Each structure stands twice: as structure tokens, then as C-alpha cells.
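Protein chains: 2
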Amino acid sequence: MTRSKWARGVALVGSGMSKFGSFLEKTSRDLFVEAYLDMQNSLMKDFSPEGIEAFYLGNFSSDLFEKQAHLAPILASWIGISPIASLRIEDACASGGVALRQAALAIASGQYDVVLVGGVEKMTNLSIAQVTEALATAADTQFEIPAGFTFPGFYAAMATAYMAKYKAPREAFYHVAIKNHNNGALNAKAQFNKTIFDILTSKKARAEQKGRPIPTWETEIEFLSDPKANPPIAWPMTLFDCSPVSDGGAVALLVAEEFAKDFTDNPLYLIGSGQASDGALPDRDSLSHIPAAQIAGQEAYEMAGISPKDVDFAEVHDCFTIAEIMGIEDLGFFPRGEGWKAAMSGKTSRNGEIPINTSGGLKAKGHPVGASGLGQVNEIWKQLHGKAGQRQLTGQPSIGLAHNVGGSGQTCVVNIFERRE
Amino acid sequence: MTRSKWARGVALVGSGMSKFGSFLEKTSRDLFVEAYLDMQNSLMKDFSPEGIEAFYLGNFSSDLFEKQAHLAPILASWIGISPIASLRIEDACASGGVALRQAALAIASGQYDVVLVGGVEKMTNLSIAQVTEALATAADTQFEIPAGFTFPGFYAAMATAYMAKYKAPREAFYHVAIKNHNNGALNAKAQFNKTIFDILTSKKARAEQKGRPIPTWETEIEFLSDPKANPPIAWPMTLFDCSPVSDGGAVALLVAEEFAKDFTDNPLYLIGSGQASDGALPDRDSLSHIPAAQIAGQEAYEMAGISPKDVDFAEVHDCFTIAEIMGIEDLGFFPRGEGWKAAMSGKTSRNGEIPINTSGGLKAKGHPVGASGLGQVNEIWKQLHGKAGQRQLTGQPSIGLAHNVGGSGQTCVVNIFERRE
Chain A
14 MTRSKWARGV
24 ALVGSGMSKF
34 GSFLEKTSRD
44 LFVEAYLDMQ
54 NSLMKDFSPE
64 GIEAFYLGNF
74 SSDLFEKQAH
84 LAPILASWIG
94 ISPIASLRIE
104 DACASGGVAL
114 RQAALAIASG
124 QYDVVLVGGV
134 EKMTNLSIAQ
144 VTEALATAAD
154 TQFEIPAGFT
164 FPGFYAAMAT
174 AYMAKYKAPR
184 EAFYHVAIKN
194 HNNGALNAKA
204 QFNKTIFDIL
214 TSKKARAEQK
224 GRPIPTWETE
234 IEFLSDPKAN
244 PPIAWPMTLF
254 DCSPVSDGGA
264 VALLVAEEFA
274 KDFTDNPLYL
284 IGSGQASDGA
294 LPDRDSLSHI
304 PAAQIAGQEA
314 YEMAGISPKD
324 VDFAEVHDCF
334 TIAEIMGIED
344 LGFFPRGEGW
354 KAAMSGKTSR
364 NGEIPINTSG
374 GLKAKGHPVG
384 ASGLGQVNEI
394 WKQLHGKAGQ
404 RQLTGQPSIG
414 LAHNVGGSGQ
424 TCVVNIFERR
434 E
Chain B
14 MTRSKWARGV
24 ALVGSGMSKF
34 GSFLEKTSRD
44 LFVEAYLDMQ
54 NSLMKDFSPE
64 GIEAFYLGNF
74 SSDLFEKQAH
84 LAPILASWIG
94 ISPIASLRIE
104 DACASGGVAL
114 RQAALAIASG
124 QYDVVLVGGV
134 EKMTNLSIAQ
144 VTEALATAAD
154 TQFEIPAGFT
164 FPGFYAAMAT
174 AYMAKYKAPR
184 EAFYHVAIKN
194 HNNGALNAKA
204 QFNKTIFDIL
214 TSKKARAEQK
224 GRPIPTWETE
234 IEFLSDPKAN
244 PPIAWPMTLF
254 DCSPVSDGGA
264 VALLVAEEFA
274 KDFTDNPLYL
284 IGSGQASDGA
294 LPDRDSLSHI
304 PAAQIAGQEA
314 YEMAGISPKD
324 VDFAEVHDCF
334 TIAEIMGIED
344 LGFFPRGEGW
354 KAAMSGKTSR
364 NGEIPINTSG
374 GLKAKGHPVG
384 ASGLGQVNEI
394 WKQLHGKAGQ
404 RQLTGQPSIG
414 LAHNVGGSGQ
424 TCVVNIFERR
434 E
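As they're listed, the protein sequences go chains A and B.
Per my numbering, residue 14 is the first one in the first sequence, and the count goes up by one each step.
Per my numbering, residue 14 is the first one in the second sequence, and the count goes up by one each step.
Where hints are given, some of them may not hold.
Because identical chains cannot be distinguished in the list, a pair is counted as satisfied if it fits within a single copy or across any two copies.
Mimicking SDA-like on lysine to any residue, the simulated pairs with C-alpha atoms at most 25 Å apart in a straight line are [as the list claims (entries may be wrong)]:
#, residue 1, residue 2
1, Lys80, Arg297
2, Lys18, Glu270
3, Lys241, Asp323
4, Lys80, Ala160
5, Lys80, Asp296
6, Lys274, Ser90
For the record, the hints were derived by calculation from the structure and aren't laboratory data.
In this text the structure is predicted, and so the values were computed from the model without any measurement.
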């Protein structure tokens, strides 16, 4: 059934993450340790750090954010697992997902049996101007940035192209934001552990409105349509269309399939993985989708021997709301041009056809870029183990997909996990 | 014979490098293209870029040097090989060697058959203060740098410890510099394509000295002992003990062993590979050697089923002269404390027991950090194919080793290549 070319299978036996948010007093090391300890508390048995044979770190730019490169051996030393091979993988916001894939390939090769994968980013200590400048380095700084683009600008261009091509209304994007905040409100580790209604109405105001009906999507859309509450950042992307600047860490423990049961009674299996790249925005034929995501998804489905309809839920890289809408099309969950309709009709909600970003997504959970891809994997770990609390999906999902995009789509990596009975 | 755990073997079928040096008008992209074209001109037949399935880039910090992160997909797009999976590997000055190892693991896993590995760094456009600050990020910037260390300082501490422990004279280090410049003088791609004698005596002065005997090692040592000609940088490391700040790119093409002959009649085989990490300098028991290098070397020898005496020549990471002396001990070519004697007695010269850094090493060839590890591989490619020109080793060497260190030894990777008849 599976068409994997890998010499052997890879299993996920542990997963953890720090709280995502803004923590001025914490460094990458603190966030990583928090995630690592959380991983140790996940489903494992018989875990000994001495068994870890290599460490793959996803990190976008501790160089710029903390003036610290060469971070992998430092973190390995910090948790006491030196002298194992330690390296950093960088593919902008896809660094975490790519690190996981590369660690899996190293296991598949036979070189290692047990590999720790980490992702971390510490972004909030810089000024917003400095963060904007640092994030700009994920684009083509020779051509795109001098032309005046910023990351909200890239996705604004894509949103404009998408709206024009598919006659999508501006409001479709708000539905993504509202849904992801609704999910994030049920995730204690989310940076915005709140609905948009809660964010935009102060406690006092809400108390005064006692007796008022429970907020509807219509109320929230009305809120979001008020430019005082939700100013445009790069039209048509408004404040609530953008994921936040975040600090956070996430960790995954991968092992060769044959050893999975030594670590946990309930391993997840990495049944599909795919990765692709692309040039900068001016090099692409179309701005209304992300070609690298489509290719990475196809590769992952082919390896897994499944089709999009076999996926029970997905964490989709919603750095901006338009990105989620393009993503659910690129991944084949909906035909091109139908993503916005799916978002508006609730098909991607927790009780919808294919729940997307039950964790809150990057939008509400937060987007510490190097950690985001592994934060997605943490949600898949929780949902597939029935440990997602109030946001737990019903019907015992068995296949979850993580879609992690770098920059404006120069990188995309897709990893698919399966729970087996 | 071989004890490799890899699911299949990996061969090197092409190698290229740009000229190393200071090129203010060039970017990383230019240097990479120069290396890529040089690779295309190496021994291959039937090469088509369409066959490349993934791109692994070693780069230390284009973030800081060029304000460009996410460089792997940009370079892939630049040479027209998108949408293949493209990623950057960062382990400070070991980035190139680690990228090669990770690419090899991806082939060994069965995922890819043909992988392009690149390494690049563009360092010379920054001021020396900015370069020093950028390089400092390869150390522990939370503890080591605030304590006043710079990279010459780290290696000065190691040199001092080494001298104290093994009663090595200061002059031993000069022998490394003189040898590597003698080799670099025969390498047109070296940043310093000159002997130290040539550097320290102007053309005019040399003309006036017509009839004077050919410069001896004694003459050069005398030159180097003059602090006006060779000022101390961080005692006991002087100017000529330090590798330069450089720009450069290097490229290697790796394929699954079974396809090697489709690319060239004379592939080299990656018979051994090892990688290890370590904490910062204050975490180590000893400063007179680099533990990660010893571990990486042992792992590589074990995989290859060989011992140090089977190695015909090696490129050893001589970011500072003391680093080469520690390296030849860490790799088992000489017992601990004997490296300095080997250097002084010519055992590491081209006609010595084990020729070290026939390319000129980082010292004379240059040290564009992300490219250095692949620059080493380029020398192995040339020597094993008998194409090293005036510096060609005699006796048809068949096994060459590359030793690539990150930072002050937080990372080391060793790769061993073999030519088979």
C-alpha cells in the first residue's frame, strides 16, 4: 500500500511544546528546555536521554533575533545530551517541519535509531522594526525587499490575486481568523488563548452587556470590519489576518519504527513526507496558490499511499489567513477557488468536513517561526492520542497532516502521521 | 570489512569551487554559480541538472553577512533547479561538511538518488568589527562572548594550554603556516596563492636580494618572529596563525553508489562519515584537544573499517595553526603531544608521512566558513583524481579525509573518501 522509498519506517514517540507567547525574560534555551520537559511528560515509557543519538534543530534566525548562531550544539549541551551530532536546519518559517523530515531521513538511512528534533524561536525582544527587518531576510533581499515588499505585503498580493481570480469576498478571510481564535481559546498553550470576541470586548464591556446573546460569527465579522478595532496592515490583510510575533519551542522524538513500542504503547507513524522549493514571488506563474505546497503534498500523499480525503484533520500554515485558504486547496482538501467557500461555510471548523488548525493555528497559537512546524506536530500528537482536551476532535481521528511553509512559499514541507490500533 | 549502518552507499561524482578570496562586487549567488559551473566541468559525463532531486546548502550566516536567510531555495532557483527540496544546514564553520553528511544520509535512506551539496559564505563586505561580531555568534554568546572572548582568543587559550601541557615551542605553529602557504602557492584558487616569503618580501625587495639563497624555513621563521611583520592577534596566535576572512563557494554532487558510474568513470566513495558536538569551552575537561573531533573521527573510521594509518592525506580544519596541530592528534595521525613535533619535522608536508592541507588549508586557501568543508572535499577530489597540478601527491593516493570543525569545537564532522580501481 505504501510506496515509501525509505529503507525503513519512522515513528513519532514523543512530542512537547512550551507555551507560545511573548516572554521577555526567556531565551531560546529556556523555551527549548520547557518544550523538552513537556515532551518527557508525554506518552513515553523507559525514556533515557542517553539513548538520543542525534539532535536536529529547526531555527530560522537566532543569528538576528538573539545574536546566537551555532545553536544546535549549545541546546544539546544545555540539556546534557552532548556529544551527539547536532545541527541546525533553516528554511525560514518551515525550519521545524524540514528539521523533522531530515531527522526522519537520517533514521531511515540506518545511521540513527533515536533522534531528537527541536524547533525554537525567540522573537519578541526586538522592536517591531527590527523583527520586520529580520523576517524580511526570509524573502529575496536582493530583489523583493528593495521593491518595497514586507511579509504582510507578500500575502496581501496573494490575497488580492486570489480574490480577483475566484471572486472571493474580503470577509472569507475573517472566517479563518475567527475559527482559529475559537480553537486557540481552548488551547492553554496558545499565545492568544481567546476568541476574537473576547479580545475585542473588554471584560468590563462584556459584563455590561450581560444578557446579550452569545456572540455570533456575524458579531465578530462586524467587529473585524471596524478599522479602528482591526486596522489594515497591508490591504486586504488586516491586523487579525496576521499571525503574531512569538516566542516558543517545540520538540519531537523520532525513532526507527521497529523500536517505537520500546518508547510508548501508542506511537504515531510518519507515513508520508514531502518537501519542495520555489523561487521568489516574481518568479512564479501564479500568485493565487503556492506551487511548492502542492508538490510537497503530492509527494507526501504518494509516499503514504493515501489521498487528501483520507486525512482526518490538518494543521495548515496560516501565517496569514489567505495562507490557510490557499493551503487547503494546495493540499487537495478543496478544489481551487473553493477554499474560501469552505472557510465561510464552516467546513474547516472542528465539527466540519476537515478540521483545520484545531490548535488555533499560527494565527492564535502563535508563530515562533522555527518552532511552528513542530508545534503543528504537537497538535497532531495530542489529537491522535485523544489528549486535546476541550478541542478534542470526535470520531477517533487516525491520520493528521502538518503543512509548513517557509517565506512566501519558497519552501514547503508536508508530514503525515498515522495512529494504528 | 565496512561496518556501515547505512542502507546503501553514497558516491561523490562531481566537485567544484569558486576562487576563494575577497570579492567586493560578488554576492553568495555569484560565488555559488561559479562553484556550480566548476563542478559541471569536473569529471562527469551525461550530467543533466534535471536529475538533481534535492539541494543541501551549508551556510553559516548569510543572515548577518548579507541580510539574506532562507538562502537554499534562492540558490536553487538561481541555477534553475527549483522546485526540488532545498534546505540550509548550519553548524558554524562546519556547515559545509555537515551539509555533505546530511545529503549523504538522505541518499542512504532511499529518498533521493542524486543530491547537490553547496557551501557558500560572503564575508568581506562587512567591516572587520562587524565580521568579528558575526563570527562571535558561533560561540556561546550568553557566556563566552560577554567574558571577553573572540575566536582568536578561543584558539589562543587552546594554544596556551597545548604549549603548557606538551612543552611545545611557539615556533611549532609557524611551521603549519609556512607549510600551508607553500601549498597554497601552488593552488590558483587559493586566497593567498603565495608563500609567506613572497608575502613578506615585496617584489622590489626580492629583486634587490637577487643572488640570495632560496628562502629557507629558517628565513621564514625569522620573518614571522618579527612582530612588525607578524603582529600578535591573541597571544600566542599571531597574524599568520589565523585564517583569513574570505568569500567563496564550493559544490559537490552526491549520488547513490549504484548510479555512480552513470555520472563519471571515476567516482569517489564516501566510505566513512562521523559527526559529534560539544558544549562551549568552559564546559570541557581539556583545552588541549577537541573532543568532538576525536569522536567524529572514530565514528568515520569505524564506518569505513579503516584506521588512521590507512589515510593517505587529509584536509584538516586549520582556522588557526593550533587547530591543525590538535586536529592531526584528534584524528589519530599522531599521538597526543606529538602533533607539534610532526609539524616541525615536516611529517605533514606534501612529501611527508601524512600530507596535511595540500590545498593550502583554510590558512592559505581561505576560509569562507560555510564553503570551507566543501572546499576541503574539492581538494580530495583533485588529489584522488591526479588533478592537483603542481601540488599533486605522488604514489597515487587512494584515501583522503576531510575534518571540518565548527566554532571552537562545538561541532566536528569527518568525511572519508576512497578512489577504487
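Original post:
Quick one: Lys274 to Ser90, C-alpha cut-off 25 Å, is that within a copy, between copies, both, or neither?
Top reply: neither (28 Å within a copy, 42 Å between copies)
Subject >> Intra- versus inter-copy proximity for Glu270 and Lys18 (alpha-carbon distance at most 25 Å) >> reply: both (15 Å within a copy, 16 Å between copies)
Original post:
Can you tell me if Lys80 and Ala160 fall within 25 Å by alpha carbon in one copy, between copies, both or neither?
Top reply: between (27 Å within a copy, 15 Å between copies)
Subject >> Homomeric proximity label, Lys241 with Asp323: Cα distance no greater than 25 Å >> reply: neither (42 Å within a copy, 73 Å between copies)
Original post:
Under a CA distance limit of 25 Å, which applies to Lys80 and Arg297: within one copy, between copies, both, or neither?
Top reply: Close across copies (23 Å), not inside one copy (33 Å); limit 25 Å.
**OP:** Up to 25 Å between alpha-carbons, please classify Lys80 paired with Asp296: within, between, both or neither.
**Re:** Classified as between; 21 Å across copies, 32 Å inside a copy.
Of the hints listed earlier, those the structure fails to meet are numbers 3, 6, in rising order.
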